[in-house]
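> What follows is the residue order along each chain.
4 protein chains.
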Amino acid sequence: MIVIERQLAEEKVFKDPVHKSIYVQDQLIWNLINTKEFQRLRRIRQLGTSYLTFHGAEHSRFSHSLGVYEITRRIISQFERNEYSDWPRQERLPALCAALLHDLGHGPFSHSIEDVFDTDHEDWTCRIITGDTEVNQVLREIDERFPERVAAIIRKKYDKPIVVNLVSSQMDADRMDYLLRDAYFTGVHYGTFDLERILRVLRPYQGRIVVKESGMHAVEDYLMSRYQMYWQVYFHPVTRSSEIILKQILRRAKELYLNGYRFEWLPKPLLRLFQNELTTDDYFLLDEALAQTVFMAWADERDEWLSDLSRRFLHRRLYKDIVVNNHSEELFEEAKLQLKHAGLQPDYHLEVDFPFDLPYDVYQPDAGTNRKGNEKPPILLLDAKGEISEISARSDIIRSLSGLHQGKHRWYYPDDLLRPVAHRLDKRIRTIFGY
Amino acid sequence: MIVIERQLAEEKVFKDPVHKSIYVQDQLIWNLINTKEFQRLRRIRQLGTSYLTFHGAEHSRFSHSLGVYEITRRIISQFERNEYSDWPRQERLPALCAALLHDLGHGPFSHSIEDVFDTDHEDWTCRIITGDTEVNQVLREIDERFPERVAAIIRKKYDKPIVVNLVSSQMDADRMDYLLRDAYFTGVHYGTFDLERILRVLRPYQGRIVVKESGMHAVEDYLMSRYQMYWQVYFHPVTRSSEIILKQILRRAKELYLNGYRFEWLPKPLLRLFQNELTTDDYFLLDEALAQTVFMAWADERDEWLSDLSRRFLHRRLYKDIVVNNHSEELFEEAKLQLKHAGLQPDYHLEVDFPFDLPYDVYQPDAGTNRKGNEKPPILLLDAKGEISEISARSDIIRSLSGLHQGKHRWYYPDDLLRPVAHRLDKRIRTIFGY
Amino acid sequence: MIVIERQLAEEKVFKDPVHKSIYVQDQLIWNLINTKEFQRLRRIRQLGTSYLTFHGAEHSRFSHSLGVYEITRRIISQFERNEYSDWPRQERLPALCAALLHDLGHGPFSHSIEDVFDTDHEDWTCRIITGDTEVNQVLREIDERFPERVAAIIRKKYDKPIVVNLVSSQMDADRMDYLLRDAYFTGVHYGTFDLERILRVLRPYQGRIVVKESGMHAVEDYLMSRYQMYWQVYFHPVTRSSEIILKQILRRAKELYLNGYRFEWLPKPLLRLFQNELTTDDYFLLDEALAQTVFMAWADERDEWLSDLSRRFLHRRLYKDIVVNNHSEELFEEAKLQLKHAGLQPDYHLEVDFPFDLPYDVYQPDAGTNRKGNEKPPILLLDAKGEISEISARSDIIRSLSGLHQGKHRWYYPDDLLRPVAHRLDKRIRTIFGY
Amino acid sequence: MIVIERQLAEEKVFKDPVHKSIYVQDQLIWNLINTKEFQRLRRIRQLGTSYLTFHGAEHSRFSHSLGVYEITRRIISQFERNEYSDWPRQERLPALCAALLHDLGHGPFSHSIEDVFDTDHEDWTCRIITGDTEVNQVLREIDERFPERVAAIIRKKYDKPIVVNLVSSQMDADRMDYLLRDAYFTGVHYGTFDLERILRVLRPYQGRIVVKESGMHAVEDYLMSRYQMYWQVYFHPVTRSSEIILKQILRRAKELYLNGYRFEWLPKPLLRLFQNELTTDDYFLLDEALAQTVFMAWADERDEWLSDLSRRFLHRRLYKDIVVNNHSEELFEEAKLQLKHAGLQPDYHLEVDFPFDLPYDVYQPDAGTNRKGNEKPPILLLDAKGEISEISARSDIIRSLSGLHQGKHRWYYPDDLLRPVAHRLDKRIRTIFGY
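The listed protein sequences derive, respectively, from chains L, W, H and V. Counting with this note's numbering, you get residues 45 to 479 for the letters of the first sequence. Counting with this note's numbering, you get residues 45 to 479 for the letters of the second sequence. Counting with this note's numbering, you get residues 45 to 479 for the letters of the third sequence. Counting with this note's numbering, you get residues 45 to 479 for the letters of the fourth sequence.
It is worth saying that the hints were derived from the structure and are not from the lab. These numbers were taken from a predicted model, which means no experiment stands behind them. Any given hint could turn out to be false.
Note that the list lumps identical chains together, so a pair holds whenever it fits in one copy or between two copies.
[What the hints assert, rightly or not] Distance condition first, Cα-Cα at most 30 angstroms in a straight line; then the derived DSS-like pairs of lysine-lysine:
1. K59 with K364
2. K256 with K384
3. K471 with K200
4. K64 with K298
5. K56 with K291
6. K256 with K298
7. K64 with K256
8. K256 with K420
9. K420 with K201
10. K291 with K364
11. K298 with K312
12. K471 with K204
13. K80 with K312
14. K256 with K56
15. K64 with K201
16. K429 with K298
17. K471 with K80
18. K59 with K204
19. K452 with K420
20. K291 with K312
21. K471 with K384
22. K380 with K204
23. K80 with K298
24. K298 with K59
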């Protein structure tokens, strides 16, 4: 198959606060950006509920997607400029498309929705790419089978692993963009690393992307940034608290629906989500504006819990958290029981969270496997003799980062409700809550 | 009246990408931030439709309001540290509240809504402060008349002009924060200036805020940043185009409503807006999430124009713009006429824009008067002898900046509709459009 | 003549705080950097005595020269990438050499030495390039006449004005690097502008470098930076004071030499300078380390004035400055007379300074002519129709910047000596000094 | 003893590129900065020969000393603002003086001179503080015994360990300033960390400076920066090479002197250094300008080796380095022997370097002891219960950083001399050199 790449008469430039400029040189990329499905990503925040902790974190998946595209473009452009023979030149356009579109299937507050309704954003990305959509139409102008190729890269089933590597590995364009971008918008300094330096030491080599040995310290710096971002931003207890409330809202609404409750207002996309019958057309409508508008309506629903939870989320009256060093199933059940006696609703008013249940990791020497069973290839160093080694075998720092387990069990609960009745808890439990 | 300032046991710190940290030391400020009316500002973008031009510009009025508060806090804290006798110490808390709350009355895409429905965000700010709201309740804990005092500062009717000066002048905390913040989030470098330096040269003096003479170059730099931000960001033709479409959507919907059209879905706050009967409760619901959700619904309305305009806005299929050097009323009417002959709808398909109709100015030596009749006091220099002069009398740069009129007339139109029928236009008009 | 450009097997990279990386791709450039004459620039500070005002300003002409080279390289590389036909490709190497070497002839504290001994650094640059030096030898490997070509560019007598333009105009690589670099090392924020943006709008056009019309605001920003740097850094009164003392040291030493005074230690290069018989070999030895070591020795010379001045310079006991609004020749002579009566040495203890005697300007619409009679071509805008206009005809800001005369007359004098005898001055003069 | 702190009428501000502003509020500090001994630090580079690797690293110990002062000032000011009872308020001025003056005794290229002549900059600092100097005179204005107190802090013999802690521990103001400063001037991104955050979590506690538990990740970030700066900057092989040549110059000159060689020019301070009879007056003259001027003279000395080494240093013709994985004493002696057979001078033409012989460490959990036997207290965490623990017991990252030994043996040699005779080496040794 021959991909005919049509260049734009004049390069388009997006001003970007993270990469300064994002350059679009291909008509195809330009057309993809202008589809309604891609524009929809402007209405989905990149970091879900994190804006409730870091008020600057209001950036969208649209910005991030352009960023991943730009990093991929720079890597490939470096490969081409240096004429590295291990880079298959005809893969430029498929790689750029996969980079640009890889997050297309994200919905509002994806992690929570996926958890409660068992959907998967990667599946949705592929459905949008291969379904009856504007994106699909644009991709098919290249070739009837082109959408399928792009989807294969995203599914990690592509026959050229080096292309999958670019878009999905433990130091891929996706991770590099989101660390820098999330650090920029949250204002958390720790997340920055020297992107330019990293791009300079990447090499295509025998079907994979590897790192020149001299770049080892730059990779250490990148992984240290990941480590810091996880603890400062992604696992921040306030963000976890807002995620918990969000999931409770969705769980409660689903429960009510299944029990035949009549909502004052339930827009079609949500109804379909409850019915597990979402089409790509419905999915297109399911953005963060809709979710927030629905929560706003639910704040006035008759169901007391749904309305309480919705108000908590919208007005940022979150659950408090407390570290429980000696957490156990028994202890937790005991606490729930006592909350019940005190008049609270244990199913909603006490949750435990342990960040290592999350699909995150700083670095895994073996191909990292996340919750969904997806593998993320490790980072490989290439030495002067052309030999390859997995990086944690060479760096003590990285070895220590990859084995870290500092997560703590935290309990989340409504302090405003529990405090007035805390005297009803027995001493052991009361002490845990610090009343 | 004595204001009893209750300090927080422990200072609260917000991480902010622009000011690094925002410090809250007063229980009152903390309580105001936690009201539902203030949290609502998270759902209103600071720069309206600019995110369609600069994808990073997704920051909210919540962030900006905290920033204005923080700059005001730093100025006052400097005044107190140096024990300047011209600063009335008891005005600290009223000033901080006014700084924090001054944008509370903004709705979604304020400029467009105010234009079409003749509302005013400053009025709404005062209504929320003095009405039956959580904000009002928190303010009243200080004193029954405290809400009125804060509102008076915002209305510029306060009896201590120096406090009004801080929050509303041609170099106030509001302008300083939005220049830095908009520059940061758009990624446009030009908007930065040396805030720390400016804060160091401000002085309270005989009832006004003035600038020490040695700070003149710092002020020049600040005004040059304003100048650049206006031309690079605020007057950007693509942003203007999206504003035009937004206004057309609102105009069309209002028109339909007045003509008795039945909308598939028209949520209450919008109905009330059409009826010109908005209450503060309705207003609370009128956020950007609701606006976007309504536009999404309207994209499928039966009315062809409303649906076309809504799609243009949501999917970013904006009108094209062209500079018309010899614009005149006659020429414009002629062009409309010809568009009509060619089958387009001249009321919607041709608009003229001239940025100097806008309520913006880089700097006005006399108290700047904007569209609404509000005055903004000029910047005053204080020399070593204690004499005051208006800054443009001392700086050639500022004099030249304040007189600049570089605006151009631009026509906006749907290129996708006009191009196919352009042969029907006569030559003169066709040449203007460049067909 | 054919220049054979030999590429390095592997690109060399210098880490640079201003440009991040400086790339050397040509063997010739690499060899030039490694000559002893170019390495000598490490021992000459870029900003002369400014480190006595801004302690960070300790950077050398070596760093700046690499920076000028890098900016030139980026401009040419953009021209080549876009295949602009107006750029003569064979001029790449001559241009890069001229950019790299243009400051080669600078001595320690050049401005002062040139003033007192009437030397000229540009002449010395050309003497080193064409004389019996390592630099000359390296250049001759290209071609016997290559050194002469490079010198011609620096002398602005080259037959391709576009090459001279790159290295010497009112927005050349030299000025762009020093503004950014001096801002970075002094810590003065005002000097920064958006280099990347400016580089993107430069175009070769009919034998000159011009700026695309859309880049006008970026040029305004660059000139505003120049303006600010002049007033904040280059004309800083403390720096002017140290320059004055430095010149007095040199003047006094020359005077002593001409009067047959025997110095304890007078190294050969200085002797030759006094005799006006410097060779390039002597000149090579005349660096800032030598100058400082000589001043250190002179601090203990028998001649009281020479030792006093040297100590003032080394231990930073500078003259104080005072603005004299009504300065005139008569007033100044009168003041000198009174200083004499009071027991001071008027030739050394009172100096007047007016920055506009300096060979600086922010911008001159006509080809700027400096003290030495060198012309600097103005900045030209290229519009969409291919027409050229001088930029100040298009920008009010630039027009106002180019006509500014804000300089003030300042008198410099040793406060420590004058204060104790100030009562001997008559009232009028005493008032001026503020005693 | 009561220290009377005289405040300046108006705070003095130094513009600093690293800390933005450095504030001087005390007359004493201002007077110390203006002594000739402190001004001398302008003539000593902070990073010795590193400017030969990173051309931006031309900053002086003067800048660094001001920076250490400023960080100490900010820490103490935070302690005072929060009225922490464990901070002894009367120690403010002694601490600030020690911070400002701690590097006063550094000579040019200290590490090399100390190595060859067995001097110690800390001893010199104390000699200057307590001897007949301007610094001593200024300090004595506070109290006759004040100089001795300041010296005691620097010698770590002060009776208030908390003050010693501020100026000398494993996270002291010295280390914090030089990491940030060296990163800024070299342009190496890795050395930055969040100073503001660290300052916010420091606490005086029971006679020591400790870190609030919540600051652990900030400390990790700081130590990671140290780690990166060591490998990227301080141990850079090119810098090591220039240090080696510098030491050889000094060693050769000393050797010649001891053998009665007559130098063309040997200034008194050097003579005294050779005689081991330096006075503080001599020491004052021994700055980097003098050192460079002497090397320049030695480049033309009759002794072939001294002149060759001096030229190598001045013209940056350094020794090449090669990693020798299987380095041993025997192998090294064998290599020297063969170099001798090949006609080279093994004492000068082959050196081995292993960075861990250096007085550096990233972090040592037990009080770090450096070469000179000085102890550096570890970093302590303070938890909510008021308990203290050494930080590496709490952080896996830090534990792994503190145990790292990644140093490599490198051989340094003149490639220009060895390459032409490499065929005379036997195969084993030739292979090591890669000929």
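> Output the numbers, in ascending order, of every earlier hint that fails for this structure.
2, 3, 4, 6, 12, 15, 16, 17, 18, 22 and 24
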